[in-house]
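Chemist: Each chain, written out:
4 protein chains.
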Amino acid sequence: MIGIGLIGYGYWGPNLARNFAAHPECRIAAVCEQDSDRAERAAQAYPDAKITGDYRTLIEHADVDFVAIATPTSTHYQFARDALLAGKDTLVEKPLTTTVAEARELVDLAAERERILAVDHTFLYTGAVQKVKEVVDSGALGDILYIDSVRINLGLFQHDVNVIYDLAPHDLAIAFHILDAEPTAVQALGACHAGDNMENVAYLHLEFGNNVIAHFHLNWLSPVKIRKMLIGGSKKMLVYDDMEASEKVKIYDSGITLRSDDRDEANRAKVDYRTGDMWAPKLATQEALGAEIADLASCVQTRRQPLCDGRTGMRVVRILEACQTSIKNAGARVEPAAIP
Amino acid sequence: MIGIGLIGYGYWGPNLARNFAAHPECRIAAVCEQDSDRAERAAQAYPDAKITGDYRTLIEHADVDFVAIATPTSTHYQFARDALLAGKDTLVEKPLTTTVAEARELVDLAAERERILAVDHTFLYTGAVQKVKEVVDSGALGDILYIDSVRINLGLFQHDVNVIYDLAPHDLAIAFHILDAEPTAVQALGACHAGDNMENVAYLHLEFGNNVIAHFHLNWLSPVKIRKMLIGGSKKMLVYDDMEASEKVKIYDSGITLRSDDRDEANRAKVDYRTGDMWAPKLATQEALGAEIADLASCVQTRRQPLCDGRTGMRVVRILEACQTSIKNAGARVEPAAIP
Amino acid sequence: MIGIGLIGYGYWGPNLARNFAAHPECRIAAVCEQDSDRAERAAQAYPDAKITGDYRTLIEHADVDFVAIATPTSTHYQFARDALLAGKDTLVEKPLTTTVAEARELVDLAAERERILAVDHTFLYTGAVQKVKEVVDSGALGDILYIDSVRINLGLFQHDVNVIYDLAPHDLAIAFHILDAEPTAVQALGACHAGDNMENVAYLHLEFGNNVIAHFHLNWLSPVKIRKMLIGGSKKMLVYDDMEASEKVKIYDSGITLRSDDRDEANRAKVDYRTGDMWAPKLATQEALGAEIADLASCVQTRRQPLCDGRTGMRVVRILEACQTSIKNAGARVEPAAIP
Amino acid sequence: MIGIGLIGYGYWGPNLARNFAAHPECRIAAVCEQDSDRAERAAQAYPDAKITGDYRTLIEHADVDFVAIATPTSTHYQFARDALLAGKDTLVEKPLTTTVAEARELVDLAAERERILAVDHTFLYTGAVQKVKEVVDSGALGDILYIDSVRINLGLFQHDVNVIYDLAPHDLAIAFHILDAEPTAVQALGACHAGDNMENVAYLHLEFGNNVIAHFHLNWLSPVKIRKMLIGGSKKMLVYDDMEASEKVKIYDSGITLRSDDRDEANRAKVDYRTGDMWAPKLATQEALGAEIADLASCVQTRRQPLCDGRTGMRVVRILEACQTSIKNAGARVEPAAIP
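Residue numbers (our numbering), protein chains in the order written: chain A, 24 to 363; chain B, 24 to 363; chain C, 24 to 363; chain D, 24 to 363.
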C-alpha cells in the first residue's frame, strides 16, 4: 500500500483524497490542513489518517510515501522541495511553480534523488483529450493551422495568481500534448477589474512557428461557463467542447482548398471551401482523476515517470512566465527564455 | 416614390433589392451587374428596372434617386464618390471604404452636396442590438468592464480584404453604439493560411480607456458558426448570442463585489462573487434590413441623416486601418490617427 | 411559362408566391384574397398579376394554368374541386381536405380529368427528410422499432381545425414516407384549453404492426418551439432536430443486443446496450419550397404526378380522420377505415 | 450517531452510502451485498462496517438503527417489511413496492410500530423541483393546464420491472408534489422491443380533472438523454430541463388570451397569443441526496415523517399499478382503485 500524505484540503484536495482512497493500492495516511473546519471534515472522512496543521509533520510521517500538494501556487515550491528532500514521491497541483527557476530546481532535485515528480494536469487523462490527441496524431486533420480555446466562467478570484496562472495551465498542457511543440513567442493582453494588479481577463497569443498559432481566452468574470477549443486543420477541423454532456469531440470534414492553378484576374489563388459530414467519436468514460491516480500508483511501484512529469510542468511554467512578462508590458512579443 | 439604383447583385445585393422593393415608397429603378447570369436574375425579379453593366449609366439614370452600393470593398470609394457627385443619396455596404482618407472625402462630399451618405451596418437595426443598447443605457449592468465577441464561421474568403475588414465592422459598429466611445489604442494579431497575405483569422484587442477593453475573434476558417458577444458589467453581465433562435439576449444578475474593508492578512481586498437570476427580455422581431430601409426612406424624404451615416462609417474605417497597421506589425500597439 | 393562380395571400401564400415567381418557368398570373390589406400587398409585389376577391374569377382566368390553394382547411375541398373541374392543375395546402370522402372525390376528379393534384407537404422536399429516408432505406438503422416526434410551439390557434389537423400532417407525411407503411390502428388523446371544442394539445399513438409504433406530441401551447423526431432502430438510432441550424440529422451507433443464449437464473434473456460514435451527414441545403415548386413545374410540363400527389394527401387525411374519431372518444383504439 | 444498514451495494447503493457517511450524525454500520466484488468494494470504503450477504443479519444487527434498501423493486416489500418488523426506521428505493396492497401493508406496519418509512424520491429535494413548486404555488403560472415530461435515455434494461416502474416514479412524484393532486384516470401505451414482455418505451396519459392533463414519455431505447418537463399555465409557462448545466428552470411570460367578447363570424371566441420575457431563477445548489439524508436524519431524531413518506410512495405505486393495467389492455382508460 502506498501511504498518501495530502497537503491542502480546500477546493481540490478532497477530490484527490477521494480518488486516492478509492485506489486499491493507496490509502490516505495523513492530511495537512490549517483551517479547523476543513481539518475536521478530513478527519471524519479518513478516520485512520493523521491530521495535522504542520506540513513538516506530514512530510516526515513514516507512513507517508507519496506527498500530494493541493495548496495555493505560491506555496508549491517550498512544499514540493521539502517533500523531495525528505525522499518522498510528489504530486503538485498545476501550475508546478511560479517561476521556471523554481521548477528547474524541483526537476533537478527529483532527478538527483530519483523521486517521482508529477504535476496534476488532469485534463490529459480525460477521454476527450486522449481522443483529440489520437485524431491529430492520425493525421486526419492534416496540418494544424490554429488552436483557439475559450475557458471562461464566473471564477474563484485567487489571491496569489492571476487568471493566466489559474486557467492557462490547462490549455498549455493540452496544446503541448496535441501539437508536440512549444511556442516560440507569446503575447498576452488583459485587464484587472478587481481593484488590484491581478488580471481577471486575459488573452494569450502563442506562435508555434510555420504560421501555426494558438489563442486562449481566459476569464474569471464571465456570466457563463465556456470550455471550447477549436482546432483548425488543413484537411478537417475539430471542436472539443468540454461542457457537452456527451459528444465532447466533433470532427468536421470541412476546410478550404487552394486552387493555385486557377488564378483570377489579379493573379491571386482562388480559395474554395467545402463543408461535409460531422463525426463525434465515442470517448472513454473513465474519471480522469482516477486514471491519473492509477498512472501515479503504477509509477510509484515501477519507478517510471508519469505522463505529466516535472519537465512537462516546467514547460508550462516557462510559457506562463513569458505571458506574465508580456501582459505587464502591454502585449509585447516575448520569446520564452531557454530553460536553464 | 424613391427610385433605387443598385450596384452589385451578388451575395448581398438581392437582399437589399428585395427589401427596397417591399417598401411602399421605394422601387427598383436600375441594377448594375457585370456578371450576365446575375444580371438576368435581376431582370427577371425586377422586369421594370433598367439593367446595365456600367455603373455610370446607373448613376446617371434619371429615375435613380438613391444609389445602393453592394460591391467589393475596394470599389466603394469610386462608386460612392461618383454617385454623390451626381447628386444622388447613397448607401454603401460596410465597410465604407478601405482608408480613412477616402472615407473623409466621401463624408465631406456628402456634406457639401447635402446628400445622404449611409453605411449598411444592418446589425444596429436588429431587435437584439437595440435591446442591448437599451439595457446598457439604463445602467443595469453598472460600468462596462469588457466586451468579448466571437464572430467565426467557415467563411467566404474574400479577395480584396482580410477577415478584419469583412467581419470586424459588425463588432466595431455594435461596440461604438453600445459604449458610445471609440478605442484609444488597438492591437491586432492573426494568421494567413490561404497562401496569400490576407489574414483569415484575427484577434483584435481594443482599449477604451479607464480599463475598459474589447476583444474580437474573427475567423473564416472555423467549422462552426459562432456569433456570441459577452458584456461584463460591474453589476450585471449580458450575453448576446445571435445564433439563438429566440432569447438572443440574456442578462445575468452575476458579478463580483470588492470587500475593501475586509482585507486579508496580505492586505488585499477580498473579492466575493455572486450568481443570481437570468433574464431574457423579449426582442422586437422586425427584419433588421427592412427597418434600416424604412429609416433610409424616411431620411430621403425628410433630409435627415440616418442612424448609420458616413461619420459612423468613417469611425469604423479609422479603427480598421489602425488594426491593419497593427496586424502587419506583429500586434504592435497602435493609437488610431485623429480623423483629419 | 406556367401561369400561377394563388388563392389565399395570408400566412403561407406569400411564400408560395415568392417561390413560384423565382422559378424561371412560372409567373404569378392572379391572386385571390378577400382581405384588402393583403390584396394590396399582393398587388404591390406582383404588379402584373390579376388581383381579385372572387376565387371563381381566378380559376376561370385564361392566364391561370395552375391553381395554388393556401386557405383554411375547411375551404380546400370546394376550391380544389372547382379548380380541377375548370381543368386546372392544382396544389392544395396540407391537409388536402377534412374528410377522406372529400379527398377521394378530388383524387378521382384529378384522375378523370388528367389533371395534376398536388398536396403541399413541403417537409418531404427538405434535405433533412431526404437524408433520413436515404439512411432508413439503406438499412443502416436495422429494423425500425419506433418513431417519436415532438412538434410543439406557441401556435397560431386556428378556428376551423384542431392542433392535430394543423401539425400532424407533417409527421404523418414524414412517417409514411420513411416507413413506406401506414398505421393499422390509432389512439389520440388531448385537451382543449381555449374555451372551445378544439384540441390545442394532442398525443397520437400509431401502430404499424409488427410491434412498430409512432407517437406524436402536438401542441399549440408550448412556450418553446421543438421539432424533434427520434427513430429507434434495431442497429442504430437517428435524431432529426429541425431546430438545429446545422447537423439536423444525427445517427447514433447505439442500441441493444439480446443475449438469448446467456439466460439468467430466472431464464430471461439478458439485454446488453452499447453506445458508439455519432455521425451527422451533410444535408442538401436547397430551400424545400423551391425544390417542391421545381418538381411541380416539371410535373406540369411532363404530365407526371408529383412526389406528394392527391393519394399521398388522402392517406394523411385518412389517419387524421381516425385520430379525430379517437380523440373524441377518449383515446379509443380506432382502425382507420379502408379508403373507399 | 445513527447506525445505517444498507441493503444493496450495486448502482445506487454506493451513492446512498457516501451521502450517509458524509452526514455528521450518521455512520455506515452494515452493508448487505451478495455479489462478492461489490461486497469487497463496500468493505474497502467502509472498513468499520459489518459486511454480510444475508439481509437478516443486517436487519438484526444491534448497531443498525436505520435500514436503507437499494435492491430491485420486486424485493422491496420483503426487505422493508422485515426491517419494520425488526423495529428499524426504513428508507426504500423508489418505487416503494410493486403493488398497492404491499405498499398499504408497509404503511400500516410503519404506523403501528411507530417507525419511519421513507421512499427515496430524491428529485423532490433538488433545487430545481423546489423552485418549480415555489413558482407554481405562488400562482405565477395561473391555472395549470398541462404537464408534459420526456424522460428518455439509452437505459439499463431491468429484469423485474418495465420502463414505467423504472422511470415514471420520478415524474409521478414531481407531478403530485407540484399539483397537490392525483390522477382520476390513466391511459398507458407502449411497446416491448427486447424479446420479452417488459415495455421499454411507454407513454402515460393522466387526467387530473378539470381538463388538466399530464403526459410522460418514458424510454430506455433513446440514443439521447432527455429530461425535460413543460408546465403550461393559463398565465405563464415553465420549462424544467434537468440536462441543463445551469438555468434548469425557465419561466416564460407567454400564453393565450381568450377574447370572448370579440367573436368572429362563426361566433367563436378569438384566441390571442403573446410572447414575453423569459426568466431563469437562481436555484439552490445543494446535492439533492445530501438534503434528503439530512431530512431523514432529522426525522429519526425528532420522530416526524419525512417529505417522502410511505403514503407518498403508496400513491405513486397506485398509479403505477393502474398504468400497468392500462398498458396490458391497449391503453384502456383505467380509474385507479381507491386505496384500501
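By construction, these hints were calculated from the structure, which means they are not laboratory data.
You may find that some hints are simply not true.
Heads up, the list lumps identical chains together, so a pair's fine if it works in one copy or across two of them.
What the hints assert, rightly or not - Straight-line Cα separation of at most 30 Å, DSSO-like style, residue types lysine-lysine; simulated pairs:
hint, residue 1, residue 2
1, 248, 351
2, 73, 258
3, 305, 73
4, 258, 351
5, 156, 273
Chemist: All the hints need checking, so say for each whether the structure fits it.
Modeler: Do the hints match the structure? See the list:
no.	hint	result
1	248 <-> 351	within (26 Å within a copy, 33 Å between copies)
2	73 <-> 258	neither (56 Å within a copy, 45 Å between copies)
3	305 <-> 73	neither (42 Å within a copy, 40 Å between copies)
4	258 <-> 351	between (38 Å within a copy, 27 Å between copies)
5	156 <-> 273	both (13 Å within a copy, 24 Å between copies)
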